[in-house]
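Participant: My request is simple: use the sequences and hints to build the entire structure.
2 protein chains.
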Amino acid sequence: MKTYAELAPSPRTILTPGPVEVDPRVLRAMSMPILGQFDPEFTALMNDTMGMLRQLFRTNNEWAYPIDGTSRSGLEAALVSLIEPGDKVLVPIYGRFGYLLQEIAERCGAVLVTLEQQWGSVFDPEEVIAAIRKERPDIVAIVHGETSTGRIQPLADIGRACRELDVLLVVDAVATIGGVPVETDAWQLDVVVGGAQKCLSVPSGMAPITYNARAEQKLLKRKRVERGLRTTSTPSSTSDPLFAPIRSNYFDLSQLQDYWSPLRLNHHTEMTSMLYALREGVRIILAEGLEARFARHRLQEQALMAGLEAMGLSLYGDPASKLTVVTCVNIPPGVDGESVRDMLLGKFGIEIASSFGPLKGRIWRIGTMGYSCSTKNVLHFLGAFEAVLVRHGVPVQAGAGVQAALDVY
Amino acid sequence: MKTYAELAPSPRTILTPGPVEVDPRVLRAMSMPILGQFDPEFTALMNDTMGMLRQLFRTNNEWAYPIDGTSRSGLEAALVSLIEPGDKVLVPIYGRFGYLLQEIAERCGAVLVTLEQQWGSVFDPEEVIAAIRKERPDIVAIVHGETSTGRIQPLADIGRACRELDVLLVVDAVATIGGVPVETDAWQLDVVVGGAQKCLSVPSGMAPITYNARAEQKLLKRKRVERGLRTTSTPSSTSDPLFAPIRSNYFDLSQLQDYWSPLRLNHHTEMTSMLYALREGVRIILAEGLEARFARHRLQEQALMAGLEAMGLSLYGDPASKLTVVTCVNIPPGVDGESVRDMLLGKFGIEIASSFGPLKGRIWRIGTMGYSCSTKNVLHFLGAFEAVLVRHGVPVQAGAGVQAALDVY
Numbered sequence: 001m002k003t004y005a006e007l008a009p010s011p012r013t014i015l016t017p018g019p020v021e022v023d024p025r026v027l028r029a030m031s032m033p034i035l036g037q038f039d040p041e042f043t044a045l046m047n048d049t050m051g052m053l054r055q056l057f058r059t060n061n062e063w064a065y066p067i068d069g070t071s072r073s074g075l076e077a078a079l080v081s082l083i084e085p086g087d088k089v090l091v092p093i094y095g096r097f098g099y100l101l102q103e104i105a106e107r108c109g110a111v112l113v114t115l116e117q118q119w120g121s122v123f124d125p126e127e128v129i130a131a132i133r134k135e136r137p138d139i140v141a142i143v144h145g146e147t148s149t150g151r152i153q154p155l156a157d158i159g160r161a162c163r164e165l166d167v168l169l170v171v172d173a174v175a176t177i178g179g180v181p182v183e184t185d186a187w188q189l190d191v192v193v194g195g196a197q198k199c200l201s202v203p204s205g206m207a208p209i210t211y212n213a214r215a216e217q218k219l220l221k222r223k224r225v226e227r228g229l230r231t232t233s234t235p236s237s238t239s240d241p242l243f244a245p246i247r248s249n250y251f252d253l254s255q256l257q258d259y260w261s262p263l264r265l266n267h268h269t270e271m272t273s274m275l276y277a278l279r280e281g282v283r284i285i286l287a288e289g290l291e292a293r294f295a296r297h298r299l300q301e302q303a304l305m306a307g308l309e310a311m312g313l314s315l316y317g318d319p320a321s322k323l324t325v326v327t328c329v330n331i332p333p334g335v336d337g338e339s340v341r342d343m344l345l346g347k348f349g350i351e352i353a354s355s356f357g358p359l360k361g362r363i364w365r366i367g368t369m370g371y372s373c374s375t376k377n378v379l380h381f382l383g384a385f386e387a388v389l390v391r392h393g394v395p396v397q398a399g400a401g402v403q404a405a406l407d408v409y
Numbered sequence: 001m002k003t004y005a006e007l008a009p010s011p012r013t014i015l016t017p018g019p020v021e022v023d024p025r026v027l028r029a030m031s032m033p034i035l036g037q038f039d040p041e042f043t044a045l046m047n048d049t050m051g052m053l054r055q056l057f058r059t060n061n062e063w064a065y066p067i068d069g070t071s072r073s074g075l076e077a078a079l080v081s082l083i084e085p086g087d088k089v090l091v092p093i094y095g096r097f098g099y100l101l102q103e104i105a106e107r108c109g110a111v112l113v114t115l116e117q118q119w120g121s122v123f124d125p126e127e128v129i130a131a132i133r134k135e136r137p138d139i140v141a142i143v144h145g146e147t148s149t150g151r152i153q154p155l156a157d158i159g160r161a162c163r164e165l166d167v168l169l170v171v172d173a174v175a176t177i178g179g180v181p182v183e184t185d186a187w188q189l190d191v192v193v194g195g196a197q198k199c200l201s202v203p204s205g206m207a208p209i210t211y212n213a214r215a216e217q218k219l220l221k222r223k224r225v226e227r228g229l230r231t232t233s234t235p236s237s238t239s240d241p242l243f244a245p246i247r248s249n250y251f252d253l254s255q256l257q258d259y260w261s262p263l264r265l266n267h268h269t270e271m272t273s274m275l276y277a278l279r280e281g282v283r284i285i286l287a288e289g290l291e292a293r294f295a296r297h298r299l300q301e302q303a304l305m306a307g308l309e310a311m312g313l314s315l316y317g318d319p320a321s322k323l324t325v326v327t328c329v330n331i332p333p334g335v336d337g338e339s340v341r342d343m344l345l346g347k348f349g350i351e352i353a354s355s356f357g358p359l360k361g362r363i364w365r366i367g368t369m370g371y372s373c374s375t376k377n378v379l380h381f382l383g384a385f386e387a388v389l390v391r392h393g394v395p396v397q398a399g400a401g402v403q404a405a406l407d408v409y
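Sequences listed follow chains A and B, in order. If you count by full-length UniProt numbering, then the first sequence holds residues 1 to 409, one letter each, in order. If you count by full-length UniProt numbering, then the second sequence holds residues 1 to 409, one letter each, in order.
Since the hints were derived computationally from the structure, they do not count as laboratory data. This one's a predicted model, so the numbers in the text were calculated from it and none came from an experiment. Where hints are given, some of them may not hold.
One copy or two, it doesn't matter: identical chains are merged, so the pair holds either way.
[What the hints assert, rightly or not] Calculated lysine-lysine pairs in the BS3-like style (CA-CA distance at most 30 Å, straight line): (1) Lys221 x Lys360; (2) Lys134 x Lys88; (3) Lys322 x Lys2; (4) Lys221 x Lys88; (5) Lys221 x Lys322; (6) Lys376 x Lys221; (7) Lys376 x Lys88; (8) Lys347 x Lys360; (9) Lys2 x Lys376.
Facilitator: Right under this line is the structure:
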């Protein structure tokens with residue numbers, strides 16, 4: 001019978017758009033002994049986490065808590081809880097993760113309307129607003145930061161239009177939360193889903209979500225209390241019979257909010273160690289300060305871009321919509337992008353990303369997120385990248401990249 | 001603005017039916033630096049985990065991998081992937097978690113047939129088999145170990161009957177895997193879902209699952225490749241148009257198995273630290289040896305029961321169907337069960353569980369699972385329980401419980 005070796009992961013410099021390096025304080029939090037899910041010490045940690053997430057999302061929403069799953073679990077929880085089969089959902093798509101929203105919404109039984117924008121740019125908000133006025137969807141679902149193309153979509157105007165037209169706006173902020181501003185209340189976003197393993201620098205495993213009273217109102221119309229928990233004081237349903245029940249138990253936000261409320265109505269068994277990690281990760285972020293953190297991400301992006309351009313490389317996509325935390329580089333003609341990535345990982349312990357679909361083999365994607373977003377990492381990468389490109393026959397002036405980045409610092 | 005204290009969980013003796021104490025080696029594994037999800041070192045760890053899970057489930061199935069969520073995520077993944085809306089699903093219910101299977105199956109669009117057995121006992125397999133012959137369901141979903149009542153349902157005869165009648169059998173082994181025998185192949189179980197935070201002593205956050213070629217055949221008929229990943233070499237669908245597509249993206253086993261296969265078709269971002277924990281937890285279990293582990297759980301159960309009975313307490317439920325790893329105790333008349341639990345936790349740092357629905361306030365539930373299942377814990381608990389019961393006016397002979405347990409050891 002096969003035997004399995006001791007766990008001993010190699011040290012890595014992770015400069016992908018997620019998962020990224022985890023702060024050692026977060027790793028340490030996960031090594032703490034667990035508490036029972038209804039232990040008052042643990043429910044106090046759950047309440048702490050809700051309070052901190054409100055600050056992170058910049059919202060006064062009552063509901064801000066993690067979904068127990070990877071980032072896309074948060075997207076699915078939002079969509080399956082809000083979409084009744086037959087609801088019209090508008091998805092403006094400008095990269096791979098727009099297709100994911102489309103896919104999830106379709107599986108929830110939505111009638112889909114999509115807008116597509118050339119990859120590498122984003123929508124003029126007026127174009128989206130015109131489509132909302134024309135189609136009058138029940139829900140608009142849109143990506144804030146699209147890691148597949150390294151773009152960011154402005155949302156404030158779209159948020160205002162959705163509020164005026166009484167449309168629910170669901171935002172995928174998986175890549176942006178904690179790295180660039182996400183203004184839930186100021187931009188009038190009804191539901192925002194964040195990711196753990198990107199700018200929060202927490203391991204993949206939880207998806208923080210927030211939603212307002214407009215979204216909650218729809219949930220409550222569809223609510224049913226779980227069988228096996230029903231008593232005379234908690235009847236089976238508060239739902240309006242005109243509304244279809246939610247198609248998932250695991251992702252039912254109306255049940256989850258009862259679990260996260262003082263009611264503590266039993267649902268799943270909260271992921272103890274991941275909750276420790278998320279609480280510690282967000283605590284570190286708030287201690288750094290959101291504005292200081294955003295400034296750090298901008299500085300590292302500037303240094304990285306200066307270094308890459310000094311090496312004679314060109315950046316992919318429309319500069320006006322560049323996402324601070326993901327920098328996409330065109331692979332020079334004749335260069336095998338995967339061979340470059342393999343050598344970076346194998347010899348230098350540095351991981352960068354390839355891309356999806358139409359961009360596969362055409363660009364590299366470099367993430368500067370959270371704990372990975374540091375001067376040490378950017379300089380180490382630029383030096384290593386130069387060496388690897390030279391080995392792949394790309395004419396790069398020795399030292400130019402690192403020197404240009406140092407000039408920025 | 002509120003400030004948040006350093007994480008400092010109190011040490012606990014956790015004798016609930018989950019989550020239970022985590023082996024320090026598993027906690028240590030979670031504190032290791034992360035690897036990228038497509039780093040060859042990480043995919044090797046994923047493959048290790050699949051190999052170890054096959055041993056744990058005692059199966060030669062190709063597919064054995066974790067679902068990224070809590071235990072009920074594994075149940076929902078199995079059911080939403082296999083149930084087409086309109087499929088007939090038979091759920092024999094003998095406790096709370098049978099209702100959960102019913103609830104999830106209903107939300108998947110199944111036509112439900114349920115059998116109900118008095119709580120505290122289990123089904124005569126012949127009764128279930130007769131219902132299968134009569135109803136001819138597409139799927140039978142049943143709980144193996146019911147923690148709400150502390151019972152275990154024999155499955156071998158039901159497995160044989162389902163195979164003969166070409167019915168898919170889905171088993172909730174969340175509470176039993178790693179604590180008592182679960183014989184996937186020998187009992188002819190088509191899908192088995194385990195839990196992390198019970199007898200595996202891994203923190204909540206992953207649900208190991210295995211399924212055979214019979215289950216896979218149904219998945220493949222419903223398969224669609226995710227939008228945004230489709231290329232000419234991976235077309236959108238291999239599905240039979242007569243079969244309804246799977247209603248979830250996150251829980252789509254046909255996509256998940258592509259992610260866990262050498263194809264590594266991108267889906268979610270695997271939970272790195274939880275995968276480390278699961279791999280280490282199962283590695284420790286296989287090193288102990290499954291038979292030795294089952295014997296340890298039986299021994300501690302015997303000692304615990306002897307101690308409780310020597311204290312004059314009575315056990316709940318039919319002894320013939322008692323689940324080794326959960327012992328239910330009738331709360332003596334006039335005693336406030338929650339006050340006893342609060343004093344155990346507050347003064348002795350010991351957590352035991354209350355119960356659900358009709359048993360709420362009537363029984364305590366004591367788990368002896370995984371790392372929590374130790375002589376030290378059983379003896380500590382019996383001594384503390386005696387002291388707390390005396391303080392609650394229950395006449396208990398001093399020292400009797402601990403001495404009776406020592407006699408068993």
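Participant: Take the hints in turn and mark each one as holding or not.
Facilitator: Hints and how they fare:
Taking CA atoms no more than 30 Å apart as the test, lysine 221 paired with lysine 360 passes between copies only; the shortest distance there is 28 Å, against 43 Å inside one copy. When the C-alpha separation of lysine 134 and lysine 88 is checked against a cutoff of 30 Å, the pair qualifies only within one copy, where the shortest distance is 12 Å, while the shortest distance between copies is 42 Å. With identical chains, the CA atoms of lysine 322 and lysine 2 are never at most 30 Å apart, being 48 Å at best within one copy and 34 Å at best between copies. Proximity of lysine 221 and lysine 88 under a CA criterion of 30 Å is satisfied in both settings, with 18 Å inside one chain copy and 28 Å between copies.
Taking the shortest alpha-carbon separations for lysine 221 and lysine 322, neither the intra-copy value of 40 Å nor the inter-copy value of 41 Å comes in at or below 30 Å. With identical chains, the CA atoms of lysine 376 and lysine 221 are never at most 30 Å apart, being 52 Å at best within one copy and 50 Å at best between copies. Taking the closest pair of Cα atoms, lysine 376 and lysine 88 never come within 30 Å of each other, the shortest separation being 48 Å inside a single copy and 59 Å across copies. In the homo-oligomer, the alpha carbons of lysine 347 and lysine 360 lie at most 30 Å apart inside one protomer (23 Å), although the nearest pairing across protomers, at 60 Å, exceeds that limit.
In this assembly of identical chains, the alpha carbons of lysine 2 and lysine 376 never lie at most 30 Å apart, being 40 Å within a copy and 33 Å across copies at closest.
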